[in-house]
Structures are given as C-alpha cells and as structure tokens.
Amino acid sequence: MVLPLKAEHASQTEDFESTAKIVKFAVVPKKHEEPDQSPKEELMSFEAAMLPHLDAAHNLARWLLRNEQDAQDVVQEAYLRAFRSFSGFHGTNGRAWLLTIVRNTSYTLLKKNRAVDFTTPFDEEIHATGHESVSPATILEHSEDAELIREAMDELPAEFREILALRHQEGLSYKEIADIAQIPLGTVMSRLARARDKLKEYLAARMSK
Amino acid sequence: MDCREAIKLMDGYLDCELDPITSQTIEQHLRECGRCDQAYKTHGSLIRAIGNATPYFKAPAELRERIQSSLREETTEHPVRNGVPGAQVVFHKRQPEPRSILSEIPWNWLGLAAAIILAAIIAFNVVPRAQRPEADQFLATQLIASHARSLMANHLTDVASSDQHTVKPWLDAKLDFAPAVVDLSEKGFPLIGGRLDYLDNRPVAALIYQRRQHFLNLFVWPLGPGRAGSTKAMTRQGYQLLHWVDSDLNYWAVSDINEKELQQFKQLFEEQISHH
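So the sequences go chain by chain: A and B. Okay, so the first sequence: first residue is -6 according to this note's numbering, each after it adds one. Okay, so the second sequence: first residue is 229 according to this note's numbering, each after it adds one.
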C-alpha cells in the first residue's frame, strides 16, 4: 500500500506543550481527487460531516473550560477554524479531528487566561489524603450523585478532565485519545489511571467533609 | 506477572486496550491472586459508576444556530475557499543546512582531530560496553516488542508515505536529530512511512520498509555518550536484528526476513545514504 502524501491533505494545529507545529496527515487514495466544490456545497458537506459532533465538541470544551460561556465561544471558534481547513481534511474520523481543534482552541483560551493547570495541582503532597476511612462501597453509593462528581471533576487538572471526558463520555479508543491530546499512545493508559485515582480521591475527600 | 505490574496495567485491561497476550497474562494473575482480583472488581465498578453519572453537557440549540450563521458569514466573506493558506505545510520552507562555514575549515586538520577524538571515544567506551551485555539484551527485547506492537496495533506508521521528502521533514520536526530517510523501492525495499517511537529512554525515529509481504522497522537515534558502535546481528524470538552505527547515529533493523536479506538491506541503505 503506497499512497501519495500531499500538503493539501494536511491539517495544521498548534501544539501547546511546545512551539513546534504539528502537521497531521490524512491518508487519501490517489483517485480521491475531487473537482472543486462551490462554497455552498462545501459548507453543506462541512455541516453534514461536523455538526453531528457538536455535542461532543461542547462537552469537551465545557469540561476543559469549566464555564458555559467560554465553552460556547470556543466551540464556535473551533468550528470556524475547522471549516477553514476542511478542504484539507479527507480522513474518516471527523469527530477526532474536530475534537483536536476544540481541544487546541480551549487550551489557547486557558493559556491566555493563565488557567492551564495541567501541571499545577496534582502534587501528591498538596492533596495528601486522610480519607482512607471512606470505603469504596461508600464512594460507590454516592457515585450516582452527578453534582458531586462534577465538583470533583472540576478540581482535577485540565489534562485529567480532558482524558476522562474523552474516555468515559465519548468512549474513544486510546489511539484516538493519543491523537487528540497529542500524547504518545503509551502515555494514555498511565494518565487515565492517574486521573481516575485522583477523581476517586477527590470524591472521597468530598464525602468525608 | 506480579501484583505491581497487574495494578499498573489494570486500567488498560479494564478498557480492553491491551494486546491479547498481555490480557491473558492479567487474567491468569487475577485468577491466582485474590487481592488483585478484588481490586480489579472494585476499581471496575467504581469507574463504570462514575463514568455513567458524569454529567454530559449537550450543546444548547442556540449554539448550533450561532455556529451556522457564523459559517454562512464566513462563506460570503471569502467566496473562494480553496488553497487555504492556513493549511500550508511549514516544512516546505526547510532548507538543507548551510555548508559554507564548514567548507572553509582545513579538512586535513579536522580529519586528524576527528581521528584523535574517535580513538579517545573508542578507548573510553569499548571497555564499559563490553561489560554490560545485559543492556543489549534488554534493548533487543524492547526493539522486538516495539516491532511486534507496530504490526499488531494498527499503528505501523504515523506518516504513511513512500516519499522520503515527506517522511524526513515530518520526523525532523518532531525529533532533536535528523535521521536520513531514503526510499529503496527500486531495490526491493519500498519505504512505507515513518513513526515516532520510544526506546532506550528517548524518542526515536522508526522508518518502515516493506520486503514482499514482510515489514521491516528501522529504528534510528543518536549514539549516546558511552555507547560505542559495532555492527552486530542477532536472532531473538524468531526475529532478526541487525545493528550498526553510522556517523553519530545508532541503527537497529528489526524484521522477520532472513539475516542475508537484512544485511542486504543495510548495505543498500548505506549506499543510498552516501549518495545523498
């Protein structure tokens, strides 16, 4: 299988963890060259491909930004950005592609607001626990309390909120998560495990209050 | 498998994201270890319960309308939407490194200096290297695992291309070194693409070549301090490994093709590089 790779099939996103540009390629069979679409047709095919993922986009932005207004602004901005590079997108996983843009746009805003907290609070010492008394059974009992879970989730660093939303709510594979969160595949499992442990810990902390 | 390892892999097992062999090993361990089995069940039911109860923020209807109207505005503002400048690939601007400064240095002196440094490096490194064969064993295991994983998990390439001029800039942009990338289609080893991998405690480049129905992973990374290079071939678990060093880069080729073909590959690869 030897496929041509072309610049116009690349979508470009920003990487927050470095200044490097990330260029993603979609693999397209050669015959897939399409005649140019009219702007109206392109808008229609964009909406058909991307609007079904609006809930997923909004949910991710809402968890990352913890604020409804910001989430809506970011999702709108992300859709515009996606539309502008849509002619270069020929992949099959539209949801993952859109979520990558939503994630990047969210971090741009978080960074602007200096609210990128992906390294700050998960210092084990800060949150050293005294909640061993809260048994798994107790957590399980309260685990249907959506409000409690929302509060505990919001306390987590952004990279944990993001990975939990992508896995638990969107049911994405580790590979898709690795692409969206721009981390190596091998990091997904360990980050997810840490995020879940932290969430359990925060839940226990809230219950013992 | 011990408990520590089982706990480490538990989330991957829970999410059905482990390869079949590792999953079986975990299952085996859970059957034998009551404590881990209990931990697995508790963790699993908690994670599921939390996952189910986490509020999902659906997009409000007005957001959809806002987006649609802003998209319409965008279309009327810029009626022609092809050849988007934002989608241009940066690396086309990359030029080969300037050579002018280097060409002015008297080469015979450089050659002598290089020979002295090389002699010093060999003297300092060959001895400690020879004393730790287990490091090589460990690396070989890592290499085979990486090769096997690349074929298993639908993750053979990050950048799929037979064009060395596409693969190389892609890798260069992500690594702190610039591996040579050559296509050997004409010689019977077509280039399939490139991938990032993690070996020997650092990110490495993996170039994927094909030989008939077989794949070959060529792992490349800079020769670290204390690592002297020599060509060596070995066979492990039915895989052929071939190691060589060229200027300051480490090469490890891993494949299930036979040793003769792997040697042939090395020769072709080196020939091709020297043409560049």
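There could be a bad hint or two in this list.
Derived DSS-like pairs: lysine-lysine, alpha-carbon spacing no greater than 27 angstroms straight-line [said to hold, decoys possible]:
1) K402(B) - K488(B)
2) K460(B) - K415(B)
3) K488(B) - K168(A)
4) K104(A) - K488(B)
5) K402(B) - K494(B)
6) K269(B) - K286(B)
7) K269(B) - K168(A)
8) K286(B) - K168(A)
9) K105(A) - K494(B)
10) K286(B) - K105(A)
11) K286(B) - K236(B)
12) K168(A) - K104(A)
13) K402(B) - K168(A)
14) K494(B) - K415(B)
15) K269(B) - K236(B)
16) K402(B) - K104(A)
For the chain A half of the interface with chain B, some residues (derived, Cβ under 8 angstroms), not all of them [said to hold, decoys possible]:
17) P45
18) Q65
19) Y167
20) P177
21) L192
Hints were generated in silico from the structure; no laboratory data involved. Source: prediction; values computed, not measured. Each residue gets a CB set at the ideal place from its N, CA and C atoms; glycine is no exception.
- Message: Are any of the numbered hints broken by this structure? If so, which, sorted upward?
- Response: 1, 3, 4, 6, 9, 11 and 17
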